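Asker: Here is how the chains run, residue by residue.
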Amino acid sequence: MRIHGIKLVAAVAGLAALAGCGLGGADTSSTPTANATGAVTGKVSLQTWALKPKFTDYVQGVIDSFEKKYPGAQVEWLDQPGDGYAEKVLSQASGGSLPDVTNLPPDFALPLVKQGLLLDVAKADPKVTEEYVAGGLDGYKYAGYDGVYGYPWYLNTDVNYWNSELLSKYGLDAKTPPTTLDELIAQAKTVKDKSGGKVYLMSRKPTLIDLTNAGVPIMAADGKSFTFNTPEAAAVLDKYRDAFKDKLMPRDVLTTKYAGNAQLFNSQTVAWTTAGGNYITSLTTDNPTLAPKVLPSQAFGTPPLYVQGLSVSKSTKNLPAAIALARWVTSAENQAAFAHLVNIFPSTKASASDPFFSKSDGTPSGDAKVIAFNSLAQAKILQPVQVTQAMADFVDQQFALAINGDEPSQKALDDAVAKCNQLLNG
Amino acid sequence: MTHKRWFTPWLLIAPAAVWLVVFNALPAINTVILSFTNAKPLGGGQFIGLGNYTRMLDDQQLVDALINSIVYMLICLPLLTLLPLLLAVLVEKKLRGIAFFRIAFYTPVIASAVVVALIWGWLLDDRGLINGMAERLGFLSGPLPFLTDRWLLLFSAISLTVWKGLGYYMIIYMSALGNVSRELHEAAAVDGAGPVRRFFSVTVPGVRNTMLLISVLISVFALRVFSELYILSNGTGGPGGRDMSLVMLIQLYGQGLTGHLGYASALSVLLFAVTVGPMLFLARLNRKES
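Keeping their order, the protein sequence lines are chains A and B. Residue numbers for the first sequence, in the numbering used here: 1 to 426. Residue numbers for the second sequence, in the numbering used here: 427 to 716.
Okay, chain A solo, but in the shape it has when bound (with noise of 0.2 Å):
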């Protein structure tokens, strides 16, 4: 009996050595291994995110202009498919296999920056402070860790969308859109009261940004910890909660995640939505009937940005190939040719002239893309990277129930701090 339970012992032991127990962690010791003013040559790797098909064309473009600068570089172009792109990541990351260049939005680059998997930028090249927009490289900066972690690639930002033919139904002008919380809930009461309930104008619940637009301070200053449970953010979600109990607000915005506003106001039922600069423009095409009646104004307060970048892995063995690439994909002229292909806005100082995006042609569709575009200049990103997806899932479970009156608003606001807090330092 004894041997047998040695044996037991051993097999389990062995078997949990075979296992890797998964402590190990990402290998965080590699340090690069070429200069980054050498000579751009030899092969280097750029994944992208979900950009095959569709442009296809235009980064095969860019790639095959890089190789004509560079003659002696080859690209090898990856690209992942949209879903599963953070578990790719992940198990790039841990394997060692990080491609030298790759598409990470800001949260995603984190991890990564504390685990010293990616390059700092600006210290490889310092001209990137100069040449991008500060809010773009603000996505990149991390509190605790110096530096820059990755060329910002293109920015976002949302635009109010009005529906003026409902507006104008229920009696209000889509031209005097409403530009606060207050305002908003005023109009949804008139659209209420004169639809008899049919036609909603809000339809979606707060968020960390609509916190962070009432000045309520998300973190606090060295990001470890979070603070929103202030007296003015459960002043907003009573403000929600008022709202949804006179019904100004479908019912399923309390299990429907951001994408049903956009739904409901696709079919016609709610007369507001927020979407980026091109929204007009691809509902020309997807909904016809609607893109007519749509006016857009400047999102409330604050417009959030939405940034994505090009990150270089520590590890690259080509380093100056990887620098002249992010740089080369993240250069003004590629980024506005890429923006002249889908609804997004160059990240580089040099665009901020430029007259597609400055300058309206007249049309409702026009008109969005210059407020966004004026938009980005006061755009900052609203929501801390350091908020995960399990944190963002909690919160706005915690927003659903002070919403729908199962607990108090500051109760609500103390539980979700309390489970953000744990799960950051946990």
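These are computed hints drawn from the structure, not numbers from a lab. What you are looking at is a predicted structure, and each value in this text was computed from that prediction instead of being measured. Where a beta carbon is used, it is the ideal one built from N, C-alpha and C, also for glycine. Incorrect hints may appear among the rest.
[As the list claims (entries may be wrong)] Mimicking DSSO-like on lysine-lysine, the simulated pairs with C-alpha atoms at most 30 Å apart in a straight line are:
hint: 1; chain 1: A; residue 1: Lys359; chain 2: A; residue 2: Lys380
hint: 2; chain 1: A; residue 1: Lys411; chain 2: B; residue 2: Lys466
hint: 3; chain 1: A; residue 1: Lys245; chain 2: A; residue 2: Lys127
hint: 4; chain 1: A; residue 1: Lys114; chain 2: A; residue 2: Lys69
hint: 5; chain 1: B; residue 1: Lys466; chain 2: A; residue 2: Lys141
hint: 6; chain 1: A; residue 1: Lys411; chain 2: A; residue 2: Lys189
hint: 7; chain 1: A; residue 1: Lys169; chain 2: A; residue 2: Lys245
hint: 8; chain 1: A; residue 1: Lys349; chain 2: A; residue 2: Lys359
hint: 9; chain 1: A; residue 1: Lys224; chain 2: A; residue 2: Lys88
hint: 10; chain 1: A; residue 1: Lys411; chain 2: A; residue 2: Lys380
hint: 11; chain 1: B; residue 1: Lys466; chain 2: A; residue 2: Lys88
hint: 12; chain 1: A; residue 1: Lys169; chain 2: A; residue 2: Lys189
hint: 13; chain 1: A; residue 1: Lys411; chain 2: A; residue 2: Lys88
hint: 14; chain 1: B; residue 1: Lys520; chain 2: A; residue 2: Lys114
hint: 15; chain 1: B; residue 1: Lys466; chain 2: A; residue 2: Lys123
hint: 16; chain 1: A; residue 1: Lys224; chain 2: A; residue 2: Lys141
hint: 17; chain 1: B; residue 1: Lys466; chain 2: A; residue 2: Lys317
hint: 18; chain 1: A; residue 1: Lys380; chain 2: B; residue 2: Lys466
hint: 19; chain 1: A; residue 1: Lys52; chain 2: A; residue 2: Lys349
hint: 20; chain 1: A; residue 1: Lys69; chain 2: A; residue 2: Lys349
hint: 21; chain 1: A; residue 1: Lys224; chain 2: B; residue 2: Lys466
[Stated by the list, open to error] Here are the in silico distance ranges between beta carbons for each label pair:
hint: 22; chain 1: B; residue 1: Val448; chain 2: A; residue 2: Ala220; range: 55 to 63 Å
hint: 23; chain 1: B; residue 1: Trp548; chain 2: A; residue 2: Glu76; range: 53 to 61 Å
hint: 24; chain 1: B; residue 1: Gly568; chain 2: A; residue 2: Ser168; range: 25 to 33 Å
hint: 25; chain 1: A; residue 1: Ala377; chain 2: B; residue 2: Leu500; range: 52 to 60 Å
Since the structure of chain A is already known, use the hints to place chain B on it.
Answerer: Chain B alone, transformed into the frame defined by chain A:
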């Protein structure tokens, strides 16, 4: 001519054994080990003893998920054990056109769980077919919150599971019914037993082992439910996240670059323990009755 090689049986079981060890045993052991750590997907973690397990005691999400999973099992278990048996007895009859009903009852089984849940979502939505028809016919003055009320959402998901599972378990019962002796039915009928009496005294004892097997399968499935609740709640876990199942909770904590693998592993160990419980109980019941 016959050579007795000692390793021949080992060689024969080797592929299956390697598969089991690599894809079952090692991940299971790894999960148990991770449950005692604060591991993250990147950077590993440290041993924190029972920290994740004590954290469970103070986790309202877990309490809700456990309640949901247990309610799910308690309702699904009797419904999916008995209703498919009744259906099997009905469609077993050799009647003209009975094949149509067999196919109709089985169709939900072959449909994708995700597609079916999406269709149910559209049916049960505030502006969906059921609420729309009920309001138009004057049965309701406003929509019933099938998808936005904690308990209605849970019961909607349970209804979906039962509807989808009926055909599957019906087929299993049909094969078991084929082994119930005709002579016993005839003898009972001669003795004056009616259809109900024959059902309880001949049919049910004849398929008792199958019932136990099905009970185990349903218990395990109900405790591990994911798709129905996930899709009907749009991935949010219902209002306030109170319709999450244990598996949804594990997914919430385990996913992404910043996943909390230690806590997700501890939840997985708990799910294993909760799932094994009813299985052992039913196995014991079976042994006792045998």
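Asker: Indicate, hint by hint, whether the structure satisfies it.
Answerer: Going down the list of hints, with the structure as the test:
no. : hint                               : in the structure
1   : Lys359(A) to Lys380(A)             : 23 Å, holds
2   : Lys411(A) to Lys466(B)             : 29 Å, holds
3   : Lys245(A) to Lys127(A)             : 54 Å, violated
4   : Lys114(A) to Lys69(A)              : 34 Å, violated
5   : Lys466(B) to Lys141(A)             : 22 Å, holds
6   : Lys411(A) to Lys189(A)             : 27 Å, holds
7   : Lys169(A) to Lys245(A)             : 24 Å, holds
8   : Lys349(A) to Lys359(A)             : 17 Å, holds
9   : Lys224(A) to Lys88(A)              : 28 Å, holds
10  : Lys411(A) to Lys380(A)             : 28 Å, holds
11  : Lys466(B) to Lys88(A)              : 15 Å, holds
12  : Lys169(A) to Lys189(A)             : 14 Å, holds
13  : Lys411(A) to Lys88(A)              : 37 Å, violated
14  : Lys520(B) to Lys114(A)             : 69 Å, violated
15  : Lys466(B) to Lys123(A)             : 28 Å, holds
16  : Lys224(A) to Lys141(A)             : 15 Å, holds
17  : Lys466(B) to Lys317(A)             : 27 Å, holds
18  : Lys380(A) to Lys466(B)             : 29 Å, holds
19  : Lys52(A) to Lys349(A)              : 28 Å, holds
20  : Lys69(A) to Lys349(A)              : 23 Å, holds
21  : Lys224(A) to Lys466(B)             : 17 Å, holds
22  : Val448(B) to Ala220(A): 55 to 63 Å : 45 Å, violated
23  : Trp548(B) to Glu76(A): 53 to 61 Å  : 44 Å, violated
24  : Gly568(B) to Ser168(A): 25 to 33 Å : 27 Å, holds
25  : Ala377(A) to Leu500(B): 52 to 60 Å : 58 Å, holds
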